[in-house]
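S.K.: If you read the sequences in order, they're chains A and B.
At position 79 of the first sequence the residue is numbered 79 (this note's numbering), and the sequence of numbers has no breaks.
At position 152 of the second sequence the residue is numbered 152 (this note's numbering), and the sequence of numbers has no breaks.
Simulated from the structure, these hints should not be mistaken for laboratory data.
Quick reminder that beta carbons are idealized off the backbone N, C-alpha and C, glycines included.
Careful: at least some of the hints might be erroneous.
[What the hints assert, rightly or not] If you only want the chain B side, here are some residues facing chain A, beta carbon under 7 Å, derived:
hint	residue
1	18
2	26
3	27
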Amino acid sequence: MTPVWRGILTLILAAGGQVLLSRYFPTAARLVDLYTVLVLYYAVSRRRVAVMFMGTTAGLVEDLLAHTVLGMNAFKKTLVGYVMGALGSFFMLSQPLPRFGVLFLATILEALIEAGLLLVLGQHMVLPAAGDLIRQGMGNGVAGIMMYWIVSKLE
Amino acid sequence: MAINKSFPERRPFLLLVLILSSLLVLMSHQVRTRRGSTLLEDSLLNVSAPLVKGASGGVGLLSGVWQGYLDLRASRRENLALKAHLGELEERGREGEEFRRENLRLRDLLDLKQSSEVPSLAAEVIALGTSSQARTALINRGSKDGVKRDMPVVSRKGVVGRVIALGTGMAKVQLLIDPNSGVAGIFQRTRGQGMVVGMGDHGCRMEYVSELEDVEVGDVVVTSGLDQIYPKGVTIGVVSSVTEGDQLTKNIYLSPEVDFRHLEEVLVLLKPGVPAATEELSP
């Protein structure tokens, strides 16, 4: 399977998982963003160009399925993926704890980027509550570590 | 650490900028501002407004210049048309003035004709002969109109001359100022008599006036009728100078009343004048 098809497949799986979570476990869906986890996986394991394409594509799919402003999640995830990819080149991210940290940081960064974007676009901006943000960061971190462990076993 | 990175090294960053810019445009197209327009429309408007304004100003300027040029051409055409119209009106005005003057002259002539006891015929001067030897005029009346040789010709102001040659439709008139012309004259004030002879451009002189005659500058000389051509009492001219002659007569010069350089309409008297003496002798 080529990397492209593999990327498409994983994106379909992540999107499907997020839809299922939203439908059957809405509380969990608010804590975990599988698209971010996927992009961050690419960020720590793939080249930057691939990360950016995955970020853009995953974000657009999320925007389409979540009926938000088309491009908003794509923008966030592309930028976060690029930044985290750049940071990953300086740190060893093969261990679960650093990876958790990266996922947590990425979640915070995404929230800040979204706030900045809303500001730039002239929209009403509401910063998420710190508790929600921390919970979402931790949720993404845990989900990410689990996903990376599963993927490593599959490989 | 290398400061200047090569293009392949910068490619991911450029790609990131490209992707993010595209996404921003995409979002701007959907997000609406407080004015109801999309952010993209607003941004494009803000960016393009100065350009459009400049272009509009330039186009306006060019349009103004072009419109000015067209107006100028239209004005020029209108100016030419108005000038032509003005010329036509001036010509009409001149014609009108000419008709007015002619009307006045003809009215004077008509008055003269009506006041004259002698039957007369109005004629128009069609040519003036101004050689040094003769002063003549051609009139548009001839033998078919009843004009005959030696018939006197007068105008409102006085004696013009007499017919000396005839054609069917025209006649030649010897003017009063012709050197060969002679008219029997009489001073209106003193009744002294003499012969008025033409001097060309210098007017006339009166001959055979006695040295003893009381003559003053300004005296009016009229026809006496003794020549049997002119009727009695038609104005000839006014004495302009009087000097003592070398014999027994005076040198008397006259200014004719008629302006011979501007003769236009005249009256031919169809019945030659009757000498006063004859009149007096008749029972």
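S.K.: Taking the numbered hints from earlier one at a time, note which ones the structure violates and give those numbers from smallest to largest.
M.R.: Hint 1 contradicted; others consistent.
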